[in-house]
Amino acid sequence: MIDLNSTFFVQILNFVVLLLVLKKFAWGPLTKTLQERSNKIANTIQQADEDRAKASELKKDYEGQLTDARRKAQEIMDAATKRSEEEHQLSVENTRHEIEQMKKAAQAQIQRDRDLAAKQLKGEMVAMSLAAASKLLAKQMDDEANARLVNDFISELEKDKIGDLPC
Amino acid sequence: MHQIGVREVVEIGGFHFNAETILMTWITMAIVILIAVLATRHLKEVPVGWQNAVEAVVNLLQGQMDAIMGPEGRSLAPLFITMFLFLLIANWLGLCPGMASPTNDLNTTLGMAIMVSLVIHGIGLAKQGVSHLGHFFQPFAPFVFLNLIEEVSRPATLAFRLFGNILAGEVLIIILLQLIPWYLNWAPSCIWLMFSIFVGAIQAFVFTMLSITYIAPSVHVHHK
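So the protein sequences, as listed, match chains A and B.
Note that the first sequence covers residues 1 to 167 in the working numbering.
Note that the second sequence covers residues 1 to 224 in the working numbering.
Treat the hints as calculated values from the structure; they're not laboratory data.
No false leads were slipped in.
Pairs of lysine-lysine, DSBU-like flavour, derived with a Cα cap of 35 Å: (1) A:54 with A:32; (2) A:122 with A:103; (3) A:54 with B:44; (4) A:60 with A:82; (5) A:23 with B:44; (6) B:44 with A:24; (7) B:44 with A:32; (8) A:54 with A:72; (9) A:40 with A:23; (10) B:127 with A:32; (11) A:60 with A:72; (12) B:127 with A:23; (13) A:40 with B:127; (14) A:24 with B:127; (15) A:40 with B:44; (16) A:82 with A:72; (17) A:103 with A:119.
A few chain B residues that face chain A, going by a derived Cβ cut-off under 10 Å, partial list only: (18) 37; (19) 51; (20) 58; (21) 62; (22) 74; (23) 79; (24) 81; (25) 83; (26) 86.
Just so you know, even glycine gets a beta-carbon here, dropped at the ideal spot from N, CA and C.
Make the full structure from the sequences, and use the hints.
Spelled out as C-alpha cells, the structure:
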C-alpha cells in the first residue's frame, strides 16, 4: 500500500507543469484583473473623498462670498443713507443761510428806505416850515421871533416824530 | 473486483510507475486547466459564472496569504491557488464511480510535501542567503536536533494526513457497499459520500494552509 517508486518524481513534475501552465495562462491575467479592480475601487473611493472635500471647500467659499456680499451691500446702503442725510443737512444749511442773507438784504433795504424817507421828510419839513414861515411873515412878525419859532418847530419835529416814522 | 491498495505497476526502462495514479493525475490536471480556462477565458471587471467561483477561491487564499505572509508572499499566490484547486479536484475525483484519487497514492502526497519543503528552503536561500540555514540553530545550537526532526516531520505529516484521509475515504466507500445488502447499501454510502466531499475540501484547504504557514518564515527577510 505504501509503495514509493518513480511515480513520486512524475507527480512532482506533473504538479510543476500544471503550476507553470496555469501561472502563465490563468493566474497571471486573473490576479492582474483582481489587482486592477481593487485599484479601481480604491481610486474611486479616493476620488469620491476628494470630490466631497472639494465640494465642502467650495460650499465654504461660496458661503464666505455670500456673507461678504451681504456685508458689502449693507455698507453701500449705510453709505448711501449717510450721504443722503449729509446732503439733506447741507441743503437745510444752505436754505437757512439763504434765508439769513435775504433777511439781511431786506433789513438793509428797509434801513435804506427809512433813511431815504427820513431825508425826504426832512426836506418836506423844511419846505413846510418855509411855507409856515412865509405865512407868519404875512402876519408881520419880526425876524428874530420868526426864526425862533421855525427852529423850535423843526427841532420839535426831529426829536419827537422822525425817529419813529413807520415805513 | 477492485482490490484495495493493489496498484497496477508499469515498468519502463527499469523505473516503476503507478499507471492509475498518473492517469488520474492527468485527468485531474485536465479538469483544473478546464476550470481555469473557463474562469479566465473572458475576464470581466464584474465577474460572472466560473470567473466568480474561481475568484472566490483566489480571494479566500489571498486573504489567508496576506494574513500569514504579508505582501511579500503575493508572488507565491499562483503556487497555492494551483495547489488548492489541484488537491480539491484530486480528492473529489476518487468519489466518482470508476475513478481513483491521485491523492490516495503516497507518491502524490509525499511528492507535493517534499516540493513544499524544497520551496521553503529555495525561497529562504534566495531571500536571506546562507543566514537562512541559521534557523536550524534557533533559539540556540542544541536545538538543531529538534529542528531537524521538525524538518522531516513537516512533509511527513503533510503527506500522510492527506494520503490517509483520502485512502480511508475510498476504502470505506467500497467496504460500505459490500458490507450491507444491496437494497440498503445506498443509505450509508450516500451519507459517507457527502462526508467525503466535505473531507476532500477540508484536506485540500488544510494542506494549502499548512504549506503557507511553513513557507511564511522563509518569505520574510530577517532584519537583524
